[in-house]
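Using the sequences and the hints given, assemble the complete structure.
2 protein chains.
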Amino acid sequence: MAAFAAHTSATSSHYSPPGTAILLRSRRRAFPTRVSCSAAAAAGNKTVVIGVAADSGCGKSTFMRRLTSVLGGGAEPPRGGNPESNTLVGDTATVVCLDDYHSLDRAARKARGLTALDPRANDFDLMYEQVRAIKDGRAVDKPVYNHVTGLLDPPERVAPPRILLLEGLHPMYDERVRGLLDFSIYLDISDEVKFAWKIQRDLAERGHSLESIKAIIEARKPDFDAYIDPQKKYADAVIEVLPTQLIPGDDDGKVPRVRLIMKEGVKHFAPVYLFDEGSTISWIPCGRKLSCSYPGIKFAYGFGAYFGHEVSVLEMDGRFDKLDELIYVETHLSNLSTKFFGEVAQQMLTHADLPGSNNGTGLFQTIVGLKIRELCEQIVAERDAMTADAVKV
Amino acid sequence: MAAFAAHTSATSSHYSPPGTAILLRSRRRAFPTRVSCSAAAAAGNKTVVIGVAADSGCGKSTFMRRLTSVLGGGAEPPRGGNPESNTLVGDTATVVCLDDYHSLDRAARKARGLTALDPRANDFDLMYEQVRAIKDGRAVDKPVYNHVTGLLDPPERVAPPRILLLEGLHPMYDERVRGLLDFSIYLDISDEVKFAWKIQRDLAERGHSLESIKAIIEARKPDFDAYIDPQKKYADAVIEVLPTQLIPGDDDGKVPRVRLIMKEGVKHFAPVYLFDEGSTISWIPCGRKLSCSYPGIKFAYGFGAYFGHEVSVLEMDGRFDKLDELIYVETHLSNLSTKFFGEVAQQMLTHADLPGSNNGTGLFQTIVGLKIRELCEQIVAERDAMTADAVKV
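Protein chains in written order, with full-length UniProt numbering: chain A, 1 to 393; chain B, 1 to 393.
Don't read these hints as lab results, they were simulated from the structure. Don't take every hint at face value.
Any copy will do: because identical chains look the same in the list, a pair fits if it lies in one copy or spans two.
[Claimed, not checked] Using 30 angstroms as the maximum straight-line C-alpha spacing, the simulated DSS-like pairs for lysine-lysine come out as follows: (1) K289 x K267; (2) K289 x K322; (3) K289 x K233; (4) K339 x K46; (5) K289 x K339; (6) K221 x K254; (7) K46 x K392; (8) K267 x K339; (9) K198 x K214; (10) K322 x K339; (11) K392 x K267; (12) K198 x K110; (13) K110 x K221.
Here you go:
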């Protein structure tokens, strides 16, 4: 167990591997099977709804580009609408940014001393009502929060898509909205990496000082800890980004260690595994058959508990430097839900310009996209089968 | 690399994993290919000769029973001969104990202050001459060292078998004898385990005191270090037995950590691997699909250098408690050279009464037996093909 435990020592992780090497076969069955997908299908819903929660500056927009690409048709801002719209519309999926449900504009938040993270600055009643309507197949007039002006612009029409991606600070915060999600993902960036990323961006691009960056992060932290972070316990999949363990003392975030935590027992979601499902493995693919640049690549796979739920965990530390490294890794992972050999590599290459395309963030975002595509297809297929049965009866 | 390095920290091991995760593809080719088998075949030899070196009390006789069982037909003491004969004769293999080449009997060694480990107490000229003769297809009259009396008994006749197993203290000591070996194995028991085993046996069975056992080991050590241990650098395969790392502070040798070190580039010998050849892996099979008793089972696989030679290494720490654990592990190993599914488990079960049948010593001895069987078959096939070609010409 030592090999994996060494991997999972990040202070910010809530994932814990099993305490000993002993696990009874019956253990798996002790966890209840989630039936959100089938419940949604049974209710005759038309749109599959996916929630993606994360703090701002944590790569949600990159994730959305990867997801909509995998789901098919990509997604662009609505034509002829508000140029500051946060919505993306594609052939298959529509992305709605939950910032649009801010109930207080920037000035009002400032006046009341609230951050955008505070639930009191957001309208969950409307959020629930509109997501419910879309799921039922009805178009809605959704508010638009203008990030440039900080004002609430006139609403825009959102038609029910095949797949609705709800991204933002609070997709799993409100119990009613959470109940509408067919699948949920939490992007969990560790404090060290978040700090390194913000420094890279704000110091270079925005001219902030190191002290002011620290102050901004510290000011947001209480609300983040109170309202955003607790949502991860509801997520079906969590992507954790942690500092590398391949380079001692490295903390610039350029070589991340990324963990994909996958809840067991979620219908239509079969966790990805490495070599031997349900065992504990560490794997350094770099060797005789695959040459890697420093500091190499290391994978770990295992299982354990995450907020009391049984989970499978896949971890990648390091960076891909060459295409053959990525393809080599892809061929050794199972349950990827690809439709053809090399689809993960193809997706990563298509978006080579996006941040994280050479490391575990891009890899696991792409894999989550493939898993969601399969989940949606299965929900639709199941619904169609139920409809056909109902017609027969 | 940390996961495997943690595995390979035994003080007594000469195996070192690669220093970094970087290894050029061309590295493998830098090691010369050994051609001992083809050289033997080219010379038209009839008997395949395998050397097995180890200190006394290290399980050579158990190993011989496993080997002759795998090779086919087992092996028994010669009928109607000296009841103290050290030779075993079977349908396929004959085992010759190199103690028979002691040139000094017990009294003479005592008089000259020499141990049996000292080359001066052994007749390497005769050993070479007789192994050469057997390899050439001629029977020999081999001396017999009587372990009961400590005297040299009259010689016994040894006919050339298909496979000659030379087991003893010095099969790789003399350069000429070493040159006759088609494959060589060294059983390397770490000092901690050797001490634990001797205590178990001698304290319980022979009534020695702890102090006297320590004194006996210490007295043998200089000669062991000078004449026996250095042979391991010539071995094609080394079985190392080390203390477990699964139970902190455990040193009673009951749960061993066993390492199979396999030299690369040996003709007719394809090293066993776990999941992905040429990478670095640690694997705890116990988990969702396989339940294990405490302290569980842990495997490691990797590559590195051993006395300057490139090697692959498979390690097992822990014990099999149930048959399904053994079969599960067998199904995940590759290049086992089995002839049918489950042959390793079947062999282990057949000899369930032998020491080590529930741990890595029995597993790796059995695997080495399978590899030797295949190697011998390939040498014979190659020789037959060459003979057929020669006839045509």
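Status of the hints after comparison with the structure:
no., hint, result
1, K289 x K267, "between (37 angstroms within a copy, 20 angstroms between copies)"
2, K289 x K322, "within (14 angstroms within a copy, 35 angstroms between copies)"
3, K289 x K233, "between (39 angstroms within a copy, 26 angstroms between copies)"
4, K339 x K46, "within (24 angstroms within a copy, 55 angstroms between copies)"
5, K289 x K339, "both (26 angstroms within a copy, 27 angstroms between copies)"
6, K221 x K254, "within (23 angstroms within a copy, 52 angstroms between copies)"
7, K46 x K392, "within (20 angstroms within a copy, 77 angstroms between copies)"
8, K267 x K339, "within (20 angstroms within a copy, 41 angstroms between copies)"
9, K198 x K214, "within (9 angstroms within a copy, 63 angstroms between copies)"
10, K322 x K339, "within (23 angstroms within a copy, 39 angstroms between copies)"
11, K392 x K267, "within (26 angstroms within a copy, 67 angstroms between copies)"
12, K198 x K110, "within (23 angstroms within a copy, 78 angstroms between copies)"
13, K110 x K221, "within (17 angstroms within a copy, 80 angstroms between copies)"
Of the numbered hints stated above, none is contradicted by the structure.
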